[in-house]
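Q: The primary structure of each chain is shown beneath.
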Amino acid sequence: MIYYNPADGDADNNPVKYRPKTCFIMTRLGHPVPKVIKEIRKDIKEVLTPLGIKPIDANSLVTGKDFLKKIWNMMRSVPLGIAIITEEIPPTTLANIFYEIGLMQAYGKETLVIKTPKSSVPSDFVRTEYIEYKSGFRTQLKRFLKEVQKRPAHYEHLAELLERNPLLSIDYLRRAYLISGDKSYRKKALEYKKGIGDRAKNSIESLMLDF
Amino acid sequence: MAKQKKDIVQTKNPRTGKYVKIDRAAGKIVAHKSTSGPYKNVPVARKRSK
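From first to last, the protein sequence lines stand for chains A and B.
Residue 0 is where the first sequence starts when you use numbering that gives the first Met the number 0, and the numbers rise one by one after that.
Residue 0 is where the second sequence starts when you use numbering that gives the first Met the number 0, and the numbers rise one by one after that.
Please keep in mind that the hints were generated in silico from the structure rather than gathered at the bench.
Heads up, some of the hints might be wrong.
Unchecked claim - With a straight-line Cα cutoff of 25 angstroms, these simulated SDA-like cross-link-like pairs (lysine to any residue) come out:
| id | chain 1 | residue 1 | chain 2 | residue 2 |
| --- | --- | --- | --- | --- |
| 1 | B | K5 | A | G194 |
| 2 | B | K32 | A | Y129 |
| 3 | A | K68 | A | M0 |
| 4 | B | K20 | A | T127 |
| 5 | B | K27 | A | S205 |
| 6 | A | K53 | A | L67 |
| 7 | A | K145 | B | R45 |
| 8 | B | K11 | A | F143 |
What the hints assert, rightly or not - Here are a few chain B residues that face chain A, going by a calculated C-beta distance under 7 angstroms:
| id | residue |
| --- | --- |
| 9 | P13 |
| 10 | I21 |
| 11 | R23 |
| 12 | G26 |
| 13 | A44 |
| 14 | K46 |
| 15 | R47 |
Backbone N, C-alpha and C define an ideal beta-carbon position, used for all residues, glycine too.
Extracted from the complex, chain A is given alone in its bound form (with noise of 0.2 angstroms):
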């Protein structure tokens, strides 16, 4: 895939550092964070914690460098987000949120969205899951992660019926790796490089397979 930074415009030919069975989250981060967002991130922490699912948000990583950026690398470098959103959230926050949202979906990462059961999504995010913050909350996070975790079988299949279009098949398997951990994936996509030839090392070709 080639990733273009949102801060220059300009294709980015760096390796991104990979964080496997990790969660991005997407909330107000800054203060004043409202005590429901704590009380759903605390909830989020005791479901994924179990599963080996680390969460982190942009806070997690000082770089001392450009913010954006930063996000950027942490979303691409990711298998899984989830966006919390409350009425209490300002419309800028909001924007924010669903910008990140966006990028992560057409990034090919898991996206989920938890919202108070007052608080509204926009009309592009209908189809995008979520899950509403009331009774049943756990259960029902608890089964989108179980569906998630049987995406890097699917993934590897698809893998193995693309594999005319290596690109896409190291890219399907890399997405199996950052959900599962497991790195017969990128041995996998080793095989599926073959198909490719030689290349530089920072070209998509070989950037795709730095997992």
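Since the structure of chain A is provided, determine the placement of chain B on it from the hints.
A: Showing chain B alone in chain A's frame:
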């Protein structure tokens, strides 16, 4: 009825629960079914045994 190409298979997308048609020779997903159930006369791709 048009004869299906040998390299066209289908598999279910677990996210949508709908079938997608794949042209293996071209290495691309060629169609997404909008209704439930598989495409007629298109073999369902089986996973390779490891």
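Q: Output the numbers, in ascending order, of every earlier hint that fails for this structure.
A: Violated: none.
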